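Protein chains in written order, with UniProt numbering: chain A, 1 to 316; chain H, 1 to 316.
Be aware that one or more of the hints could be misleading.
To be verified - Covered by chain A, according to a simulated footprint, are these stretches of chain H (three or more residues, beta-carbon under 8 Å):
1. 104–111
2. 135–146
3. 285–293
Unchecked claim - Label pairs and their calculated CB-CB ranges:
4. A/Val315 to H/Thr17: 32 to 40 Å
5. A/Pro74 to H/Ala214: 39 to 47 Å
6. H/Pro43 to A/Asp220: 55 to 63 Å
7. H/Trp297 to A/Trp167: 48 to 56 Å
Stated by the list, open to error - For the chain H half of the interface with chain A, some residues (derived, Cβ under 8 Å), not all of them:
8. Thr17
9. Pro18
10. Glu19
11. Glu22
12. Leu86
13. Tyr213
14. Thr229
15. Gln232
16. Ser308
17. Pro309
18. Ala313
The set of hints was computed from the structure by calculation and includes no laboratory data.
As the structure is a computational prediction, the values presented were derived from the model and not from experiment.
Positions of the beta carbon are idealized from the N, C-alpha and C atoms, including for glycine.
Letter by letter, the chains look like this.
2 protein chains.
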Amino acid sequence: MGVRALGLPEATRSPNTPELPERVTIWEVGPRDGLQNESGVIPSDVKLEFLNRLNAAGLPVIETTSFVHPDWVPQLADAGEVINGLSPKPGVRYPVLVPNQRGLDRAREAAVSDIAIFASATESFAQRNLNRSFEEQFEMFRPVVRGAASFGMRVRGYLSMVFGDPWQGAVPVEQVVDAGKRLLGMGCDQLSLGDTIGVATPGQVESVLRGFYAADITADRLAVHFHDTYGQALANTYAALRLGVSTVDASAGGLGGCPYAGSATGNLATEDLVWMLSGLGIEHGVDLELLVDTSTWMAERLGKPSPSPVVKALVR
Amino acid sequence: MGVRALGLPEATRSPNTPELPERVTIWEVGPRDGLQNESGVIPSDVKLEFLNRLNAAGLPVIETTSFVHPDWVPQLADAGEVINGLSPKPGVRYPVLVPNQRGLDRAREAAVSDIAIFASATESFAQRNLNRSFEEQFEMFRPVVRGAASFGMRVRGYLSMVFGDPWQGAVPVEQVVDAGKRLLGMGCDQLSLGDTIGVATPGQVESVLRGFYAADITADRLAVHFHDTYGQALANTYAALRLGVSTVDASAGGLGGCPYAGSATGNLATEDLVWMLSGLGIEHGVDLELLVDTSTWMAERLGKPSPSPVVKALVR
């Protein structure tokens, strides 16, 4: 591989940016958000090897699968088998997405202790993705989150379309903060702010984060989830780090976002994030060589190259 | 195209980052640095149409070609024809790279008024690219820069391998600042700080810029030139903007850096830069739709897709 020979950047923590976190938790979404958005269905044994490899590479949180109805997401129809087959590594979290009460029931049956729900910051995406109004989604999620909390589960709230919506365009910061507060208020322990269509730029990231801070929601309750559709994901991440955010979502090899697929969503590749964090001297605990090996291996399974620049550069 | 329908981000100049420049000058390097690093040789008439299209798209500075020996860079062997055939647009600058005294003579014959030289921040790259030692390069460039200045030409000094060198690894900031001061001291009016192998991360960018500022070289004398080899170019650009840099090099469509070529250098795509600047509310004067049209047209001439995420997303 020769990561070092290729000049993995030296740590350069600028004394002038003390606001950068010392450590970032990478929330790996490849097995769930990534595979959910790839066209092929990956066999369960390949998924389990993928999870083992991500464990070996040192990812601290691995969103494992989704208890969504198989008719909606056939790629993750084997969620039960995957959870049962998982070899958990001590200290690593394996959250599972649950869309609704039925998903929570399945999570309980599978003894999952860490879940995520997927809400919308906009009316139009709530209608299209959840078949609910913006208001109604909170009624749907409240018993799920409260139920999960009563079982001692940790619940992450995804908030999607935070920085723009393909039908509505701009999304007012007040609306985003309002939706986020409601998710936290019902019992979510963390919000992941999603740029679902990848249009955000760093000034918007600052505006949204400062909107939350003004509402007394601190950086430790927030994560960022950027898509690289327009190449902005790392610049946006850097802006968020400079405002103290220390949980960043990413997908191994950029899974779920191959730029040559019509449905490309463009998840930020974990490798590209790791390169930046290493260069900034921010601890992350991930072994880049093992991760690149993993993404290269998965790209062979999918029959297409990883869109990650770091993966491409290091396997060249 | 539907740039607006696709949600070109609204300007969000954060009141908390007043250090961002109000306007950025995009130094378009596609016709020179881009085409120089593409494997095919583009006919002169296609180059001239490319330049006309870049003019129409509103680029304020277009590095047009290079008076380098044709044996070294056959892609730009037609520099004289291109300069003669150019239809200059009032107010636009058309710098030409000159490697040495012979190049300067050709630039004078062609009535070029704006040139650039290409120096190295490291010993190893000076040896390999210039066949000179680090010290000897200054002896070579001094008469060229002084001669050009005496003819009333403007001279940009490129400084390459500023953030890392594939043979030496890390490059001390003091060495970079020393080399830059010498180029400015001999008469260059601007330095372009190049991450030739694309390894930089934002903390390094800050360290190098603050090194120059500490030596009383201000942001208006500096430009940044990032490569997207590891996906870091826009994050690095954002870090530079936050330190007041207001000239940014980029290559239309990411020319010169197709990620599937072994020789990829990965120039930052002008479109990806424009997307970020527009989102930040920073003036740039470029029409993104015309630019994307241009890069799409050029990609057809080269027979391969643009690696720019913005180009891919907008022509999908």
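Against the structure, the hints:
1. Judged by the Cβ-Cβ criterion of 8 Å, the segment 104–111 of chain H is not covered by chain A as claimed, because only 0 of its residues qualify and three are needed.
2. For the segment 135–146 of chain H, the proposed coverage by chain A is not satisfied: 0 residues have a C-beta within less than 8 Å of a C-beta in that chain, short of the threshold of three.
3. Interface restraint, the segment 285–293 of chain H with chain A: violated (0 residues with C-beta to C-beta distance below 8 Å; minimum three).
4. Between A/Val315 and H/Thr17, the C-beta spacing of about 37 Å keeps the proposed range 32 to 40 Å intact.
5. Distance hint for A/Pro74 and H/Ala214: a CB-CB separation of about 59 Å, inconsistent with the stated range 39 to 47 Å.
6. For the pair H/Pro43 and A/Asp220, the beta carbons lie near 58 Å from each other, so the given range of 55 to 63 Å is met.
7. The supplied range of 48 to 56 Å is broken by H/Trp297 and A/Trp167, whose beta-carbon atoms lie about 31 Å from each other.
8. Checking H/Thr17 against chain A by beta carbon gives a least distance of about 7 Å; that is within 8 Å, so the hint holds.
9. Hint status for H/Pro18 relative to chain A: violated, with the closest Cβ pair at about 12 Å, above 8 Å.
10. Here the hint on H/Glu19 is broken, as its CB sits about 12 Å from the closest CB of chain A, past 8 Å.
11. Taking 8 Å as the C-beta contact cut-off toward chain A, the hint placing H/Glu22 at the interface is violated, the least distance being around 13 Å.
12. The criterion of a C-beta within 8 Å of any C-beta in chain A is not met by H/Leu86, whose closest approach is roughly 30 Å, and the hint is violated.
13. Hint on H/Tyr213 is violated. Least Cβ distance to chain A is approximately 11 Å, over the 8 Å limit.
14. This hint holds: H/Thr229 has a C-beta 5 Å from the nearest C-beta of chain A, less than the 8 Å allowed.
15. The closest approach between the C-beta of H/Gln232 and any C-beta of chain A is roughly 6 Å, which is under the 8 Å cut-off, so the hint is satisfied.
16. A hinted interface residue such as H/Ser308 counts as satisfied when its beta carbon comes closer than 8 Å to some beta carbon of chain A; here the least separation is about 7 Å, so the hint holds.
17. Checking H/Pro309 against chain A by beta carbon gives a least distance of about 4 Å; that is within 8 Å, so the hint holds.
18. The interface hint given for H/Ala313 holds, since its Cβ lies 5 Å from the closest Cβ of chain A, which is under the 8 Å cut-off.
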